[in-house]
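This is what each chain is made of:
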Amino acid sequence: MSSPKYKPATDLPASSSPIEAVAKTVASFSVKYVQFLDEDGRLAEDAPPFAQDNELLLSLFRVMKTLQLFDRKVLMLHRSGKMGTYTGTLGQEAVGAGAASGLHDSDVFVPYYRSTTDLYVRGVKLHEILLYWGGDERGSDFQDPRMKNDLPIPICIGSQLLHAAGVATAIKLREQTNRAVLTMVGDGGTSQGDFYEALNVAGAWQLPLVIVINNNQWALSEPNRKQTACQTLAQKAVAGGIEGVQVDGNDIVAVRAVTEAALRKAREGGGATLIEAITYRLCSHTTIDNMERYVDAREHQQAQKKEPLIRLRKLLQSRNVLNESIEERMEYEIKEEIEREVEIFLNTPLQPPEAMFDYLYAELPEKLQAQREEVIKREFK
Amino acid sequence: MPTITLVESVNMALDHELQRDPDVVLLGEDIGKSGGVFRATDGLYGKYGERRVLDTPLAESLIVGLSVGMASQAMRPVAEIQFMGFIFPAFNQIATAVARMRNRTRGRITLPMVIRMPYGGGIHAPEHHSESTEALLAHLPGLKVVIPSDPARAYGLLLAAIRDPDPVIFLEPKRVYRVMKQDVEDNGEAYPLECCFVEREGSDITLVSWGAMMHETRQAAALMEAEGISCEVIDLVTIAPLDIRTIVESVEKTGRCVIIQEAPRSGGIASEIAAELAEKAILSLLAPIGRVTGYDTVMPYARTEHRYMPDVERIVDEIRKTMEFQ
Amino acid sequence: MTEVFDLPDLGEGLPDAEIVRWFVKVGDVVEAEQPIVEMETAKAVVEVTSPQSGRIIKLHGQEGDVIETGTPLVTFGNAEEFRSAQESSPSQEETGETESRVQTDKISFSAPVVALARKLKVDLGKLAEIKGKQAITLSDVRQAAEEQTALLETPSKAAPVENVTGSNTIAIDFGKGVRAAPRVRSTAKQSGLDISVLKSTGHQDNVTLKDIHNKRVHRPATQATGPGEYRLPQRTQEVTGKPMPIRGDRRSMALNMAKARDTTVNTMITEKADISAWPEKTDVSVRLLRAVTAACMVEPSLNAWFNGEKLERTLHTVVNIGIAVDSPHGLSVPVIKGAEKLSNEELRAELNRLREAVYSKTIKPQELQDATITLSNFGMIAGLFATPIVIPPQVAIVATGRIMEELKLTDQGIVNARYIPVSLSFDHRGATGGDAARFLAAFVADLSLPY
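Protein chains in written order, with my numbering: chain A, 1 to 381; chain B, 382 to 707; chain C, 708 to 1158.
Same shape as in the complex, but just chain A (with noise of 0.2 Å):
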């Protein structure tokens, strides 16, 4: 921005303008950062009792393990033309698992379009993240019973955190306590103005929702620093007039722990809270995205160091519980998941041509028979 031309109608010295001599302090803010877990694996002594679960944070590792093992996969499909578009999740696994594992079945889950992770943790097979990405509707249409009232993958930067809102007022003007929304975004979405009207009525109306910004440092090929002049995202919820609190988002530990005190707090009627969770996407935009062209090798070769299996992998080592052999077997197990997993979605049949027609209404509106038929008879013809 260029500097106005005029001259201000005081030169004086900002620090001794009458505005300032006269100016009070009617209200602050302060943002505060989270980390149980650092990247060389030690743990902080008042860590929540959840940290002592070796078997929790065994099941932790394996999702977020599943996951990078899966993203290699869909990779491997694009490169093979068996896969459409896909957005990764590598490195940043924690935010995903960590928010999500905090939920309760009771609960309503608003993904977002890199929400792989906390997919399925809340209950999405593989084959149906397989089924969206490789351009089949019936991916979203979600076979867990705990996902019915579920939304499904938006591909619109920040519509879902209206939607969430929305599914948190219903619960709100139904008065169903200990119910609770959780919703993801990137940090992309929060240039969005959905984002700040979402914020806005989270605080105005006592919602129970929280919100989770997946930060990891690009939307797209567009650092952070390009995005705002903020020193974080979490202090946006100070507009909203909510909680707003930053976390190591490669740190599951301090992931699940915000995350769940925030839903405790949304399902017993305390209003919203924004996460930031700080990660790093190590991997490009989608598949079809080359990170080269815009990310600093050796930003990326630091940020590498940090990602969020490494740290926990040390933890549980320490604690016996995890080594080279479990970790292989385990290994083992995943890749046949998702060896299953890619045979149901190869295997799954084309959709009928009139499915296309018959899920716009409820009802076929007679306009739309005839081209119904249509497409029915040139498959068969």
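Just so you know, the hints here were simulated from the structure itself, not pulled from any lab data. There's no promise every hint is true.
[To be verified] Label-pair restraints from in silico Cβ distances:
id: 1; chain 1: C; residue 1: E836; chain 2: B; residue 2: G424; range: 41 to 47 Å
id: 2; chain 1: C; residue 1: N921; chain 2: A; residue 2: D358; range: 30 to 36 Å
id: 3; chain 1: C; residue 1: K732; chain 2: B; residue 2: D677; range: 41 to 47 Å
id: 4; chain 1: A; residue 1: A297; chain 2: B; residue 2: F469; range: 38 to 44 Å
id: 5; chain 1: B; residue 1: A603; chain 2: C; residue 2: M960; range: 53 to 59 Å
id: 6; chain 1: A; residue 1: I344; chain 2: B; residue 2: E582; range: 56 to 62 Å
[What the hints assert, rightly or not] Derived DMTMM-like pairs: lysine to aspartate or glutamate, alpha-carbon spacing no greater than 25 Å straight-line:
id: 7; chain 1: C; residue 1: K833; chain 2: B; residue 2: E575
id: 8; chain 1: B; residue 1: K562; chain 2: C; residue 2: D723
id: 9; chain 1: B; residue 1: K634; chain 2: C; residue 2: D901
id: 10; chain 1: B; residue 1: K562; chain 2: C; residue 2: E770
[Claimed, not checked] Partial pick of chain A residues on the chain B-facing surface, computed with a CB cut under 10 Å:
id: 11; residue: R146
id: 12; residue: K148
id: 13; residue: A170
id: 14; residue: E197
id: 15; residue: A355
Idealized CB from N, CA, C, for every residue including glycine.
For this one, chain A is given, so just place chains B and C on it according to the hints.
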């Protein structure tokens, strides 16, 4: 049976549904104590309270986005957008979520919601308060777009819209909010959304219109009747999906058709009807299909908007031209 | 001078407002912008201020009255006008537009029920009878449509609709209710034909271009409605009563016919071909073309050209059949070439192509040349036998009449038989009577085959 205006019948329908179904919730700007800028929700806040009649922050995308979330949990939100000219911040939500959720989830999540908004010109309002952009919405598969033209239809159609399992855009012709009164019984009977209304039978020419323009169309039909030209008048009512069959059958009988719309000429509903008639009724046509429409320009501001608006004279001219075609 | 202040629109599209309280009375002198009345609109209570300074000589309503937007609220005037206004009795304000009300339907079904019944083709009268009640609901209508009860009887397809007459002065309903494409309508109009009297053969029972050219009268344009009311049919084309030059096809026909009569020895022989064995939907034209071709094979003397000056004849190796086509512009004879090599389907396709080319005047000169024999099926219009004229250098022309039905005595008793009357003309210079009779025998023999 109360004798009421169109805006009062909207109010009566909202009242009826709030009473009948606890999942019905109204939301919008200034719809609470103020009763809405056109008083469509007058008295409902007092009667049902702030949990049923929600004053929202001033953000249209929010109003529609919230409705999506609420409807996804089987509530029946009825959102009010203050003027149709303010729909654009919400257009993303309408196009990418409202119209698609059922299809996106293969029927797992449905959106039984209504977005109400006053539309159309002729009320001397500021910019953006007078346009008729129904075609933008009608073009989106997955939506129903409904426009009543009189108090009785407004009541019955709004009940149907609220009870419909799919999202309905309900456009209220604000110019005729208060110009006519009808006896409308608060009987809870919803009108069908799958057909247009042949409100006057005729043999020489079919006139098709909707919303506020029905007012001028009816007057033109009455004038032509006096000249011995028998007009069949069709109120389209449901703009999308279109009940083209009723129109085709009428034109097969009369052989002529004039379509009257307030919206600009190109790419509108009138164009769609004309195209359908060209495909399905060309063998019965005795004259080219006529259109009386707004012009393909930005709606003039209040002082000169009358030059833009189709009026009875323009309709009568087009009917004569069509009748005289040899 | 009096000035009337009309009630302005106090909101956006408010049609009227109610007078709550007058702040002034008749005779008061007011300043511009002084509040004069409090009005309640549908949206709010507002104070209306005076647009000018002056004396008020009339208030156009009392408290509680509703004033329509754009109608007088107060009248300003001078002292004299004030007095005269006082003297005249207060006149009743004209009432504005009457409220429009829903026209109750004749049989008292609600508007949505009528609309849905119309769309779903349900007869409400019948339905009310079946249900034994007057109050029919939308679900009654939907149910009836689903169960296909009480359905409206569909009107017979494309029944010609009587022209709307009477007080309607500007509409001339040319072919109303008859299905026809715009081009067909305009062609009919140019030819002065009323398409509602034409036989329609299109896929949707619509009148086609071919129907116009065939001009087959489907029913009289004007029907006698009772004894003594017979009226002559209307003229099907414009006539002037003055000599008009002829051009184009009609002109060449006139010249060619005279020349043919002057140069040939036209001799005619007739026969009836029994086609009772034909299956339904047999393509008459194709069978005629095939029979001509077959007869040319049996008796090549008639598939020939005769040169009277050099006294030589050419017996052709190919069968090129000239087809007499009657079009609005006159007679034209395009030629199907090499008929002996064409299948039935190819014959039909070629015939269609040539006919269309004649109608649309896109026929090429070479497509009108080199006929070795001519076929005329005038029976498509009317007539049994004729005296066809051979066009030199050809030797023969076959003409077929309208298919006729006759009782025929057979071994099995009396049966109904179908015949095509055949007239064969030949140039007796180029062929003998025997040649012609053999040709004719072969022609009818081929026609009488079932396939």
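Now for the hints, and whether the structure bears them out:
no. : hint                          : verdict
1   : C:E836 <-> B:G424: 41 to 47 Å : 44 Å, holds
2   : C:N921 <-> A:D358: 30 to 36 Å : 48 Å, violated
3   : C:K732 <-> B:D677: 41 to 47 Å : 53 Å, violated
4   : A:A297 <-> B:F469: 38 to 44 Å : 43 Å, holds
5   : B:A603 <-> C:M960: 53 to 59 Å : 57 Å, holds
6   : A:I344 <-> B:E582: 56 to 62 Å : 59 Å, holds
7   : C:K833 <-> B:E575             : 22 Å, holds
8   : B:K562 <-> C:D723             : 13 Å, holds
9   : B:K634 <-> C:D901             : 18 Å, holds
10  : B:K562 <-> C:E770             : 22 Å, holds
11  : R146                          : 13 Å, violated
12  : K148                          : 7 Å, holds
13  : A170                          : 4 Å, holds
14  : E197                          : 4 Å, holds
15  : A355                          : 8 Å, holds
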